[in-house]
Amino acid sequence: MTNFPSKRKSSGIKQWDHVYTSSVQNAPSHHWLKIFGAGALKGMVVTLKNFVTSYFRKPDQGGIFTVQYPEERYPEIENYRNLPFLVYDGSPDKVRCVACGICERECPPKCIYITMETDVAGKPVRKPAVFDIDYAVCMNCGICEEVCPFDSIFMDHVFEIASPRRIDTGMIRHQEDLLKSSEYLQKIRPKTATMIDEKKRAAEEKKKAVVKPPQGPTV
Amino acid sequence: MDMLSLIIKFGIYGTMALALIAAIAVVTLRNLFHSALCLAAVLIATAMIYAAFHADFLAAAQILLYVGAVMTLIIFAIMLTEQLGSKTIRQTNRQNLAALAGLLVFVVILGRVIFKTPWPVTEKALASKVTVMELGKAFMGPYVFPFEVISIILIAALLGAVVIAKKDR
Amino acid sequence: MTQVENRHPSETLEINFGPQHPSTHGVFRMQMLLDGEKICSLKPVLGYLHRNHEQIAENITYAASMAYTDRLDYLNAMTNNFAYAIAVEKLAGIEVPERAEYIRVIMAELARLVNHITVIGFLLNDMGAFFTPLLYAFREREKILDIFEEVSGSRMMCNYFRFGGVKRDLTTENLTAIMQIVRRFPAFLEEFEALLTKNEILCMRCQNVGILPANLAVNSSITGPVLRASGVNYDIRKVDGYSIYKRFDFRIPLGEKGDVYDRYFVRILEMRESLKILYQALNKIPQGEFLNKKTLPFLKMPRNFKPAVGEAYGRIESPKGELGFYLVSDGTPQPWRYHVRAPSLINLTVLEDICIGQKVADAIIILGSIDIVLGETDR
Amino acid sequence: MTSFIEEIRKELSERLPNIKLRLVRASILIENPKDLTQVVFYLKENPRFLLDYLSSITAVDYLDYLESVYHLYSMEKKQGPVVLRVRVSKTDTTIPSLIPIYHGAELQEREAYDTFGIIYEGHPNLKRLFMWDGFEGYPLRKDYEQEDSEILETADIEWLESKGIGITNEVKEKAKQMKMENKRAAAQKPEKPRN
Amino acid sequence: MNMPPLLRDIEFAVDLSFVNAKGWILDLLSHIVPDWVVVFASIVISGVAILVLGPVIMMYLTLLERKLIGRIQNRYGPNRVGIWGLLQPIADGIKMFTKEDIVPVYADKVIHCLAPIVIVIPALMVFLVVPFGERMTAVNLNIGLLYFIAVSSITTIPIFMGSWGSRNKYSLLGGMRTAAQMISYEVPMTLSVVPVIMMSQSLSTNKIVLSQSGSYDMNWFIFTPWGIVGFIIFFLCAVAECNRPPFDLPEAESEIIAGFHTEYSGMKFALFYMAEYMNAFTLCGIAATLFLGGWQGPFLPSWIWFLGKTFVLICVMIWFRGTFPRFRVDQLMGFAWKFLLPLTLINILVAGLCHFISEKTGWIYSFIIFSISFWVLVRLNRPWMPEKRHYPLAN
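Protein chains in written order, with my numbering: chain A, 273 to 491; chain B, 8 to 176; chain C, 234 to 612; chain D, 25 to 219; chain E, 82 to 476.
Quick caveat, the hints were computed from the structure, so don't treat them as lab data. Treat the hints with care, since some could be wrong.
Calculated lysine-lysine pairs in the DSS-like style (CA-CA distance at most 27 Å, straight line) [claimed, not checked]: (1) 382/A <-> 68/D; (2) 102/D <-> 114/D; (3) 399/A <-> 472/A; (4) 101/D <-> 479/C.
Computed footprint of chain A on chain E; a stretch qualifies when at least three of its residues, placed anywhere within it, have a C-beta under 8 Å from a C-beta of chain A [stated by the list, open to error]: (5) 184 to 197; (6) 334 to 343; (7) 374 to 385; (8) 459 to 473.
Derived Cβ-Cβ restraints for the label pairs, each shown as a range [stated by the list, open to error]: (9) 183/D <-> 288/C: 23 to 29 Å; (10) 388/E <-> 329/A: 28 to 34 Å; (11) 348/A <-> 268/C: 54 to 60 Å; (12) 338/A <-> 388/E: 29 to 35 Å; (13) 169/B <-> 295/E: 58 to 64 Å; (14) 116/E <-> 113/B: 43 to 49 Å; (15) 295/E <-> 173/B: 39 to 45 Å; (16) 295/E <-> 137/B: 29 to 35 Å; (17) 83/B <-> 325/A: 45 to 51 Å; (18) 326/C <-> 472/A: 33 to 39 Å; (19) 417/C <-> 340/A: 21 to 27 Å; (20) 517/C <-> 146/D: 50 to 56 Å; (21) 458/E <-> 347/A: 29 to 35 Å; (22) 146/D <-> 308/A: 49 to 55 Å.
Note that the coordinates shown come from a computational prediction; the quantities given were computed from them, not determined experimentally. By construction, the Cβ of each residue, glycine as well, lies at the ideal position given by its N, Cα and C atoms.
Sequences are here, hints too, so could you generate the full structure?
Structure representation (structure tokens):
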């Protein structure tokens, strides 16, 4: 095993060369040593070593690194992104989304469809009436999460949603299927959730510190 | 004549019948590949008959040489020449009468030969089972000359094949 | 008696190594005319994975098609993003802060490691080694893909680069994890080479097979390890010196004869060079912002990112060759023309010239050693 | 960089006076497509430039003319891109092929022909690279109307029926009626996204 | 061997347990039925034993192979069906039965369906001469070895039938490759067996095993100079004969999809698979008989020794599969004709030499002869030797 050149002082390229040039390539190949089967035997020794070490070595030292999927699971990775969901604070009807349609426009494969809710008098209310995402088309690129100015859409960690057919098997998720609580967001994305809360708290202090006249709703 | 030898006798007659049917099939089948396989069946049937008569070395040699080598080359040849194998080429050339006459003449001659010659069936030959050891000694002993001549012929054939194959390189 | 011409031409067999073939690395078809086992002619047929990537890119904004570039060469998404980011930065004149440049180089070199071991694994698979080298390679590939997942969010479809930097910063755990991989990689390479390099059967099958002479390679605009295996010293990291590659000490391995064995061994030596770059980059990575302040508003509103009218051609040394993006902008948020110079497609021009006269088994290995990915070839 | 292009332009205008050249956006535009091969051959053989590496051939559609852009590099002297342009009208789109000089141009020219319809004379087998041979139209041109997969034409209906798939009558009527007006089932252009 | 009498009786009883069982059944039958039926019954018993033994061995060989190769590649083999995947072969069997049996449209139906049957027959017939234990050879033919070589040469024809019958270009290529490989590896295999026959002066497998007994039953043929070389050559030819990597040209997945059994599915494919694994088992068995002293062994009962040795040889075959890439057709044939064949002839010469001179000098002479011949052969096959390459590091 080649160890690491941390202690070597000489700078420049020579320093790395001896470590990284393959010992096999410049191994001394005396003529009589080069019997015909030598390379093949060395290969068999490697597979034998792997066979033997697979029984008692740890996974990354040559042991078995299979994860038996349904029983054992891979540790959850926080930044993993798969298929967006909407966030609501408290009860499902207080949705953060204001149906501004930026994510609908920016989505590359165009799989989001939003219509704004209008109250009795026909004046648009800043809440989405219909918010559909076609899970079959979405390529979970995470652009909707980036562009959303109101932190209302996030990428989920659920990936076991296979379905037998592409069309009319519930892959088009409507608003009620997409809604998930902000505690769920806190559970799966702790870092981003805490960052959003600090940003919100900073915005409140700024607003309290500078009492500005409230402007009109910005469209 | 207890039951076992009866069964064996029927077995032998069965294989002979099988050999005969397969031989006829070789000639009459349209698809060349099928007839090649029937030829293999004939050869295996003869090997079985040899085995039944306790000539086991001959049976093994028959299978090894004919079925293992000759048949493989015949089938190799059939597979290589594309048109020969797939299309069913007309094999009969419409001269049934001449063929029948030839057949009759042949059967008559064969019959006379079989019944006329006195087969020297001695008791000792029937009883003794020729082992491979004696065959080996015979090859190296009295029959060493024909053995060497055959090997020379085989080498000549080998060189001929190499020359033909090399010609188009 | 006229001399009968006894040598009737043996009949040639027309075979399709079609879209569904276990070793064409995707939906690629070779129409072959065989005389026995020898190949008389070989016509590549493409288009089975054609998604008209360039027309899609002309209907969506610049930032949106960054997600589509992951699907070009789906084996290493990081280098595709890198090339697209460089092209757009050249078009719009955005500079990239120091730390972001280091992160980009680290990600690109990790992607090169992943690509080279996977290619060698599949090359051995085509040669008949029953998945053993491939699974040893996948064991290392898994560790690197876990890093990509922690950093960018997805193992293969990373979508990690942004114009002027990267989407997310590398935390200290990420850096230590990468250092761990780099530290243990030479040991893995030793074992991999012990299994393969001196293996007689591999030498028999690969040496003097599919020889690509240097002048034919240059004339057919071949780039990447295939070109360097023929002995031509042309590596865009050294030639253009884009990003911060000028600061790192690394060398360019060159082959001798340009046959399948050279292409295999040049890739192994290139992995060793990438390790040197990674080691130096991990040691010298500075603190600082990971995304250019000026491009931050465009993250929120990609619609406002309207580069000036003009054109730009950005290219990088992707593990397969020179990956270039030719962008023409007309001042609107959508590019007027978006063209990808795909190394896999152009490296295919020599496939026929090398394969003529070789055996059927060699054609499969030659295709494996040229290392094409159909996502990039068909776009 | 521009000084390099200037130098090349000066060299070219001296050596090949009868060729009209123009500098467009740091690249050399060759007025008459026919002398493209002459210029490229000169640049490749001249010991001062030795542009022996054709990086990429790209076709671009500027509505009233088609343009073919060539990026040339020198692998010997490791010198930067020399960009050549050739413009040709939408009607007679013929440009001399570079195959005699660069073997690498083969697939790239086929791709340009397949997506833009630029015919490269002298190309050994100028066939469509990605599309099947029976495909009409050039997909990457700005005026290309994509076929709408929802509306069925008579040809599609026959093919479906040959496969034994039942088609409702009113779809057949619509197809027959469209055939009378010989209109193609073209999809509407994706409308500009709302800014 | 001076073993306490009690221990010897137990060992003897266990050793001949199967033989005694058969004898007990036969004399039980002889009371009921006439004697010719008893003869018939003994044939039927050993026949049934083989017909049961063959497929069971094949099933658990597939499992053993997938487990070993899994471990070589640092992953588990099949472990979902049964405790350690022990029921996996049964699951495969059921899968093979329920899979649809596709016969291609233009295929030659008769030959296409006949091929799998014809390939299993020789694979089963070879079990006759394999000596499993003390008196446990099915039929004690005095030309056992010649019978084995003859029957194993029949497998070429069904492979041809399979490749020709399914009317598919890939299987045609596979068929051609099989013919070339089978013929060119039969010759060295037969010749590498000749020294064994010379030394044991008999073709019968039983006599060969008996001639390897001696002090502690351990003077096997492999401990002689010509024995080692003969064993290596025989084993390589055995691997080539049953189409296993690194000689698995006929069914090269990466080049010609699955060679001659591309168009087979369901039970027909299972038969091809069974024939291949049974060939592997019998060839390993014969290799153990010829060179490793069959069921000879100091203490354990005879059939345990035989199965143990065969098991070790099969593990080596699986080890080959996990390590080596595949030869090309011309290299494969060149290796047989230009490398193995001359080596076997020299081996026969050395065997003859060793017969007449003493043990020690035999070793010295044979070492000299083999090293010279090896060096000459490597020199003659120059184009296939790995060249030394130099890779400059430019910047």
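Hints and how they fare:
1. 382/A <-> 68/D: Not satisfied, since the Cα-Cα distance of roughly 46 Å exceeds 27 Å.
2. 102/D <-> 114/D: 36 Å, violated
3. 399/A <-> 472/A: 20 Å, holds
4. 101/D <-> 479/C: Between residue 101/D and residue 479/C the Cα gap is close to 18 Å, so the pair holds against 27 Å.
5. 184 to 197: With 0 residues closer than 8 Å to chain A, the stretch 184 to 197 of chain E misses the three-residue bar; violated.
6. 334 to 343: Three-residue rule not met by the stretch 334 to 343 of chain E, so violated; n is 0.
7. 374 to 385: violated (count 0)
8. 459 to 473: With 5 residues in contact (Cβ-Cβ under 8 Å with chain A), the coverage given for the stretch 459 to 473 of chain E holds.
9. 183/D <-> 288/C: 23 to 29 Å: 25 Å, holds
10. 388/E <-> 329/A: 28 to 34 Å: 30 Å, holds
11. 348/A <-> 268/C: 54 to 60 Å: 58 Å, holds
12. 338/A <-> 388/E: 29 to 35 Å: 31 Å, holds
13. 169/B <-> 295/E: 58 to 64 Å: For residue 295/E against residue 169/B, whose Cβ atoms are near 46 Å apart, the range 58 to 64 Å is violated.
14. 116/E <-> 113/B: 43 to 49 Å: Since the Cβ atoms of residue 116/E and residue 113/B sit about 46 Å apart, the hinted range of 43 to 49 Å holds.
15. 295/E <-> 173/B: 39 to 45 Å: Distance hint for residue 295/E, residue 173/B is violated at roughly 51 Å.
16. 295/E <-> 137/B: 29 to 35 Å: For residue 137/B against residue 295/E, whose Cβ atoms are near 31 Å apart, the range 29 to 35 Å holds.
17. 83/B <-> 325/A: 45 to 51 Å: 47 Å, holds
18. 326/C <-> 472/A: 33 to 39 Å: Check passed, 35 Å falls within 33 to 39 Å.
19. 417/C <-> 340/A: 21 to 27 Å: 24 Å, holds
20. 517/C <-> 146/D: 50 to 56 Å: Distance hint for residue 517/C, residue 146/D holds at roughly 52 Å.
21. 458/E <-> 347/A: 29 to 35 Å: 56 Å, violated
22. 146/D <-> 308/A: 49 to 55 Å: Between residue 146/D and residue 308/A, where Cβ atoms are some 52 Å apart, the hint holds.
Violation of the numbered hints given earlier is confined to hints 1, 2, 5, 6, 7, 13, 15 and 21; the remaining hints are satisfied by the structure.
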